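J.: Residue numbers (the working numbering), protein chains in the order written: chain Z, 9 to 389; chain A, 9 to 389.
Heads up, some of the hints might be wrong.
Which copy is meant is left open, so a pair is good if it fits within one copy or across any two.
[Said to hold, decoys possible] Pairs of lysine-lysine, DSS-like flavour, derived with a Cα cap of 25 Å:
1) K356 to K133
2) K73 to K57
3) K54 to K73
4) K133 to K355
5) K148 to K133
6) K73 to K328
7) K216 to K133
8) K216 to K57
9) K148 to K356
10) K355 to K327
11) K356 to K216
12) K206 to K216
13) K206 to K327
14) K57 to K355
15) K208 to K328
16) K54 to K208
Hints listed in this document are in silico derivations from the structure and should not be mistaken for laboratory results.
If you're wondering where the values come from, they're calculated on a predicted model, not measured in any experiment.
Chain by chain, the residues run as shown.
Number of protein chains: 2
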Amino acid sequence: MLALLLAVLLYAQGDGSAPATTNLMNQSYPRVYADGRASFRLLAPKASKVQLAGALGAAPLEMAKGEDGFWTLTIPPAVAGFHYYWFLVDGVAVNDPGSEAFFGYGRPTSGIEIPKPGEDFYWPKDVPHGQVRSLPYLSKVTGQWRRAMVYTPPGYDQNPRARYPVLYLQHGAGEDETGWSRQGHVHFILDNLLAAGKAKPMIVAMDKGYAMRPGEQAQPRDPDRMARERAAGTLRASTFESVVVEDLIPLIDRTFRTRPGRDHRAIAGLSMGSMQAMQIGLRHLDKFSSIGLFSGATVTADLETGYDGVFRNAVEFNKKVHLFWLGAGGAESRLVQALETSDAALKKHGIEHVVYISPDTAHEWHSWRRHFHDFAPRLFR
Amino acid sequence: MLALLLAVLLYAQGDGSAPATTNLMNQSYPRVYADGRASFRLLAPKASKVQLAGALGAAPLEMAKGEDGFWTLTIPPAVAGFHYYWFLVDGVAVNDPGSEAFFGYGRPTSGIEIPKPGEDFYWPKDVPHGQVRSLPYLSKVTGQWRRAMVYTPPGYDQNPRARYPVLYLQHGAGEDETGWSRQGHVHFILDNLLAAGKAKPMIVAMDKGYAMRPGEQAQPRDPDRMARERAAGTLRASTFESVVVEDLIPLIDRTFRTRPGRDHRAIAGLSMGSMQAMQIGLRHLDKFSSIGLFSGATVTADLETGYDGVFRNAVEFNKKVHLFWLGAGGAESRLVQALETSDAALKKHGIEHVVYISPDTAHEWHSWRRHFHDFAPRLFR
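For reference, chain Z alone in the conformation it holds in the complex (with noise of 0.2 Å):
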């Protein structure tokens, strides 16, 4: 917040745009205005068409050139939010020389932060921090070295026989164990909840939601296969699912001071690693007790004969299940429906549940601190 006020007073224009948070140092572009628009541009003298693409339009947007070689653009209000974006300069991708970049889309890419006013639950304050761990190890299963990202709590290291429960949080597609740190701030998020005392004290391990077995071939996306599993719900085995059981959580209880067993565990995801922490998380019940999915995953399916009958019987289930937690951005209106249908359909088998909707905003980051910022408190009580 103070970085973000510096930025204002020092760059603030008579328009009152100021540089977007997650620019570059001293990079005075793309601009953010307090209304949600924002002003991008790029030196591209030689170009004859530069457009801005990714996740702020359905389509690339046309960038007009001036005398001085650079194009610009403005953009209307953006939904608030964390939004990945990129140039095209003549069909070529070319990430703004102004941004940070952040793993998404299967690679570094820009993004820009629209800031939601008076909302500042993400972003870092005085309070204890805890740290973010980076930890290599090989993996028994892929044969290759990976990498699981880990959030220790302020106290950890002050506290040595203290013990405590852990949660596993899953990006979503073409992003990786980096994102829920870069984008989601959810050290931040939870460093502030602990600090107001509205969370247990947990680990967070992150951990990249893909995998192959040495040989094994990446399958083509199938989304005919994917409807008719949702619509029986199917739960998967997946590689990922084996580096999780096999490597993951027993790297992490034998690494760190974790509680151990299924009462102290628990495995959310967004958008993809929704549908992994559902699939993991149901056929895993022995191991997790806790599930979170967050704008993606819904339980739409027959409750007695899908899901390998987790539902069946509710009472077991809700003994059983701490916490079973489904949400959405409210602007994913073919998902919020899902939930609505999945919301129904639990109630009326008796299956306790949380289902969360966050105002105004789309299939990105802010709407999953959102979600984590409500998921969280309520786990491990």
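Knowing the structure of chain Z, use the given hints to seat chain A on it.
T.: Then chain A, alone, in the frame of chain Z:
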């Protein structure tokens, strides 16, 4: 190594090339040959000129357009090590969509690893691993949030009574606090040294070597002034020095189980970071007892009148400074010369020191990995 091996097995073509280890997942370009050649390609069917720019050549290298719209180039054998690069597409800087990005040149930039056959001290091995921790803090000096990256050695959490010495380690110009782990592999080098019993367990603190007080303006680079000061042996105060002394050291000492006091504290850095290590280290011999200068700082000014007189009394200096280490890459010929001059002057003056020249490497990270590999085992003895 295993990942590299698998990559070779899976992707090696008849020509013996394999995807660079610095590539993104499943990306087959750029490719590296056993003799150090490398092939690059970029799809840009509408571009009229594409060049390969960065640290691989003194000037941008022309790429050739194929009928399929791909621009390609194979460069002659490059010096082994890590090289930043990017494409210039009609003059616009474009990162390689096949490469990871590394923070250099003031922004996320593509990088390619040209391996040195037979050398693996900087690759992850099946040994106990330390952690690289990210730690946010609000700087009293700058008024802004900053981030320290901190390596803790294997066993740190398992030995809650052990205390550790600390090395403060800085990146070069245009880089940031991620450089030493991402490009430098400092954590793997130390893990390997520790497993072999060749170094003392230590904490390594890495911060960003840029800092401004509120309202402070960036000073334009002034090569004349720098040359004058180098000739006179001037040690300059800096805002970053204040961050190290007033923010960072207290943060590290109160957050980690450090051994307090100068005997257990060292400072080192590469290129710009070596200037900072020399200035901060020599100006604060009450705080640091060992200094490492990697590819940058030299000692060619008068040892009686320069450097605030710290070298004047050799007996006193040798008693106070446990390690004074200077290095360069063998291909940095002007710097090698300046180190020879420094070496002779220090010897003549009776100042104990180490000079190390990394065979055949340039002003890039492989020199600095080797520097660290020679420097670290000599620390805290």
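J.: Now tell me, hint by hint, if it's right for this structure.
T.: Okay, the hints, checked on the actual structure:
1. K356 to K133: Classified as neither: same-chain Cα gap 43 Å, cross-chain 54 Å, threshold 25 Å.
2. K73 to K57: For K73 and K57, the Cα distance is within 25 Å both inside one copy (9 Å) and across copies (20 Å).
3. K54 to K73: both (10 Å within a copy, 18 Å between copies)
4. K133 to K355: Neither. Shortest intra-copy (39 Å) and inter-copy (51 Å) distances fail the 25 Å Cα cut-off.
5. K148 to K133: between (39 Å within a copy, 14 Å between copies)
6. K73 to K328: neither (61 Å within a copy, 62 Å between copies)
7. K216 to K133: between (28 Å within a copy, 20 Å between copies)
8. K216 to K57: neither (36 Å within a copy, 37 Å between copies)
9. K148 to K356: neither (43 Å within a copy, 56 Å between copies)
10. K355 to K327: within (16 Å within a copy, 76 Å between copies)
11. K356 to K216: neither (36 Å within a copy, 55 Å between copies)
12. K206 to K216: neither (28 Å within a copy, 33 Å between copies)
13. K206 to K327: within (24 Å within a copy, 53 Å between copies)
14. K57 to K355: Classified as neither; 53 Å inside a copy, 62 Å across copies.
15. K208 to K328: within (20 Å within a copy, 48 Å between copies)
16. K54 to K208: neither (56 Å within a copy, 56 Å between copies)
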